[in-house]
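Build the full structure now, drawing on both the sequences and the hints.
2 protein chains.
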Amino acid sequence: MSGRHSKHDLETTPDDKLLRKLEAKWEDSPTRVLRWHKGLDVRGLDCNSAPGWDGDKDDGGALVAAHAEELSELQERLFADGRSGGSRSVLLVLQGLDTSGKGGIVRHVVGLVDPQGVQHRAFGVPTAEEASHGYLWRIRNALPRPGYIGVFDRSHYEQVLVVRVEGLEPEETWRAHYDEINAFEAEVAAAGTTIVKVALIVSKDEQKARLTERLERPDKYWKYNPGDLTTRARFGDYLDAYQELFEKTSTDVAPWHVVPADKKWYSRLAVTELLLGALRSLDLGWPPADFDVEEQQRLLAET
Amino acid sequence: MSGRHSKHDLETTPDDKLLRKLEAKWEDSPTRVLRWHKGLDVRGLDCNSAPGWDGDKDDGGALVAAHAEELSELQERLFADGRSGGSRSVLLVLQGLDTSGKGGIVRHVVGLVDPQGVQHRAFGVPTAEEASHGYLWRIRNALPRPGYIGVFDRSHYEQVLVVRVEGLEPEETWRAHYDEINAFEAEVAAAGTTIVKVALIVSKDEQKARLTERLERPDKYWKYNPGDLTTRARFGDYLDAYQELFEKTSTDVAPWHVVPADKKWYSRLAVTELLLGALRSLDLGWPPADFDVEEQQRLLAET
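Top line first, the protein sequences correspond to chains A and B.
The numbering of the first sequence is full-length UniProt numbering, which starts it at 1 and goes up by one.
The numbering of the second sequence is full-length UniProt numbering, which starts it at 1 and goes up by one.
If you are wondering where the hints come from, they were derived from the structure by calculation, not from laboratory data.
Be aware that a few hints might be false.
[Stated by the list, open to error] To spell it out: a stretch of chain A is covered by chain B in this simulated footprint if at least three of its residues, at any positions, have a beta carbon under 8 Å from a beta carbon of chain B; those stretches are:
| hint | segment |
| --- | --- |
| 1 | 79–85 |
| 2 | 162–175 |
[Unchecked claim] Straight-line distance between alpha carbons at most 20 Å, and here's what the computed DMTMM-like set of lysine to aspartate or glutamate pairs gives:
| hint | chain 1 | residue 1 | chain 2 | residue 2 |
| --- | --- | --- | --- | --- |
| 3 | A | Lys223 | B | Glu244 |
| 4 | A | Lys220 | B | Glu73 |
| 5 | B | Lys208 | A | Glu294 |
| 6 | B | Lys223 | A | Glu169 |
| 7 | A | Lys223 | B | Glu294 |
| 8 | B | Lys223 | A | Glu73 |
| 9 | B | Lys220 | A | Asp283 |
| 10 | B | Lys223 | A | Glu294 |
| 11 | B | Lys208 | A | Glu169 |
| 12 | A | Lys248 | A | Glu302 |
| 13 | A | Lys223 | B | Glu295 |
| 14 | A | Lys223 | B | Glu73 |
| 15 | A | Lys220 | B | Asp54 |
[Claimed, not checked] FRET-style restraints, in silico, Cβ to Cβ:
| hint | chain 1 | residue 1 | chain 2 | residue 2 | range |
| --- | --- | --- | --- | --- | --- |
| 16 | A | Asp240 | B | Gly227 | 52 to 62 Å |
| 17 | A | Ala186 | B | Glu187 | 37 to 47 Å |
| 18 | A | Thr230 | B | Pro226 | 51 to 61 Å |
| 19 | A | Asp240 | B | Ala189 | 45 to 55 Å |
We treat Cβ as the ideally placed atom computed from N, Cα and C, and that holds for glycine.
Shown next as structure tokens:
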């Protein structure tokens, strides 16, 4: 780790100046800017906007690159803490319709940190075994262990999204999930997990452009599924479901962040900053030695 | 993916020329250079050497960087293949004594590809549940699913390393593991997994320097364990165990690669090239569409 040469040094380097200049392009903390709040209607969101960011695409990419080292160091501190008996972890929950860029977030943002410290899980249609349990069973099994960053590509929220829109459960059943999910997340947070919930919101037009590209490029066919059109036909119903989901499950302990996703560079910047904010908030130092350092130095010198 | 602009293009770009110049610094295929062969005695290995590489540290780093894109594209092809019904996967088995750099390989080499396509698992002292099963139980459970690159940080080989050196099983028991492991790996390979076994060999002097650094830097205390000195006291016994392990389990279907690990840049270069070689050997194209592309284009256009 090269954290010794990071912004915590006393001297100011040219890199520090650049970093501060880029950070200043956030008009407010990205966590505050993106957090869902009463009155925010996702159906009226400008998906091509870059809320809170007073810079362009290049600036955004530069800040992600400039924050990579701190992100990586904080992830290592979290990992070290977990290995030393700590109970903290971070869980990034990614939701979004097809083509909203969840995969790109994992590749380009989560990919900035050491894969040893990441527990990634994509949730698709439940397997037979999964379906034989309650919907939170497979979620509980995939929760990050202490020291890890967990990443959920889709999650328990499908139970109030696809299940609702496709009518897979009666309304009274899926409606009960809001409270169940809030109780579950409160329990997870109390056990030491910082939950970062992100909804990537792509516009219907941009989705069309991205699906069209998948059908034009043979190296993207595998990402396309005819069922994507069925989902697309219910685009408005999904937005309704997202809106209610925000209203019912954006809690103090696990708030939602609504990220416009038509500009990939912006959504990647936004999630980098949300993840960094979560790691910074843990305020972890390096674990102290649980052995006598001088004694070990002496013993090692003798070998 | 930007594979469209890779070395497969017809035009030769300056990047291609640099890449070819760097690749030519391998005197022979790294897979051949590093593969264990009869007569190679690990106890006489020059751990500070860079076998087969006619370049310096900067050249090595440049080739890793230049190969990152191809590695990433081939990983995505493997993933696409797995999603499309293919059965192929890759398993990177990393063995090495404390401080040999296994973690650095995961961070810097495995970290070059999309974390979505990686199943990483570190094997420590077996848990109570693991210990209640045979030693291959937890290994089987962690095998990569089709489409994935599995990474084992330590593995079933501990059963003929620490178990042997520390006398945790009678000799006739651990000796039986060589054949069991060969049979197991033959079965895994037959099911579609390309196995890449890498032993990182650090010298006793370099290990001392690395342990000393861990005891001098508070941000590294967490990586140090007084038990490391116990293992270090048996350095020669471990090398004997490695030597026999190579002799007994380097098979055609799952050969060992012996990588001198005193130069971190070299071991990272070597493992990058071994992983790339394994992915190239799969010779995977992009999966064909399993739907009518034109029909889907027409249906999408209507939405």
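Consistency of the hints with the structure:
1. Note: the segment 79–85 of chain A has 3 residues with beta-carbon separation from chain B under 8 Å; the three-residue rule is met and the coverage holds.
2. Coverage of the segment 162–175 of chain A by chain B is violated in this model, with 0 residues showing a Cβ closer than 8 Å to a Cβ of that chain against a need of three.
3. The suggested pairing of A:Lys223 with B:Glu244 is violated, with an alpha-carbon distance near 46 Å, which exceeds 20 Å.
4. Proximity of A:Lys220 to B:Glu73 is assessed by CA-CA distance (about 12 Å); at most 20 Å being required, the pair is judged to hold.
5. Taking the CA atoms of B:Lys208 and A:Glu294, the gap is about 15 Å. The hint holds against a cut of 20 Å.
6. Between B:Lys223 and A:Glu169, the direct Cα distance comes to roughly 49 Å. Violation of the 20 Å bound is thereby established for this hinted pair.
7. This hinted pair checks out: A:Lys223 and B:Glu294 have alpha carbons roughly 16 Å apart, not beyond 20 Å.
8. Restraint check: the Cα-Cα separation between B:Lys223 and A:Glu73 comes to about 15 Å, which is no more than 20 Å; the hinted pair holds.
9. Pair hint B:Lys220 plus A:Asp283 holds up; C-alpha atoms about 18 Å apart against a cutoff of 20 Å.
10. For the proposed pair B:Lys223 and A:Glu294, the alpha carbon gap of about 16 Å is at most 20 Å, so the pair holds.
11. Between B:Lys208 and A:Glu169, the direct Cα distance comes to roughly 62 Å. Violation of the 20 Å bound is thereby established for this hinted pair.
12. Among the hinted pairs, A:Lys248 with A:Glu302 is inconsistent with the structure: their alpha-carbon atoms are about 63 Å apart, more than 20 Å.
13. At most 20 Å may separate the alpha-carbon atoms for a hinted pair to count; A:Lys223 and B:Glu295 meet this at roughly 16 Å.
14. Only pairs whose Cα atoms come within 20 Å are accepted, and A:Lys223 paired with B:Glu73 is accepted, the gap being roughly 15 Å.
15. Note on A:Lys220 and B:Asp54: the hinted pairing is violated, with a Cα-Cα distance of about 39 Å set against a maximum of 20 Å.
16. For the pair A:Asp240 and B:Gly227, the beta carbons lie near 58 Å from each other, so the given range of 52 to 62 Å is met.
17. For the hinted restraint 37 to 47 Å between A:Ala186 and B:Glu187, the CB-CB distance of approximately 45 Å keeps it satisfied.
18. Roughly 60 Å separates the CB atoms of A:Thr230 and B:Pro226, a value that falls within the hinted 51 to 61 Å.
19. At about 50 Å, the beta-carbon gap between A:Asp240 and B:Ala189 stays in the expected band of 45 to 55 Å.
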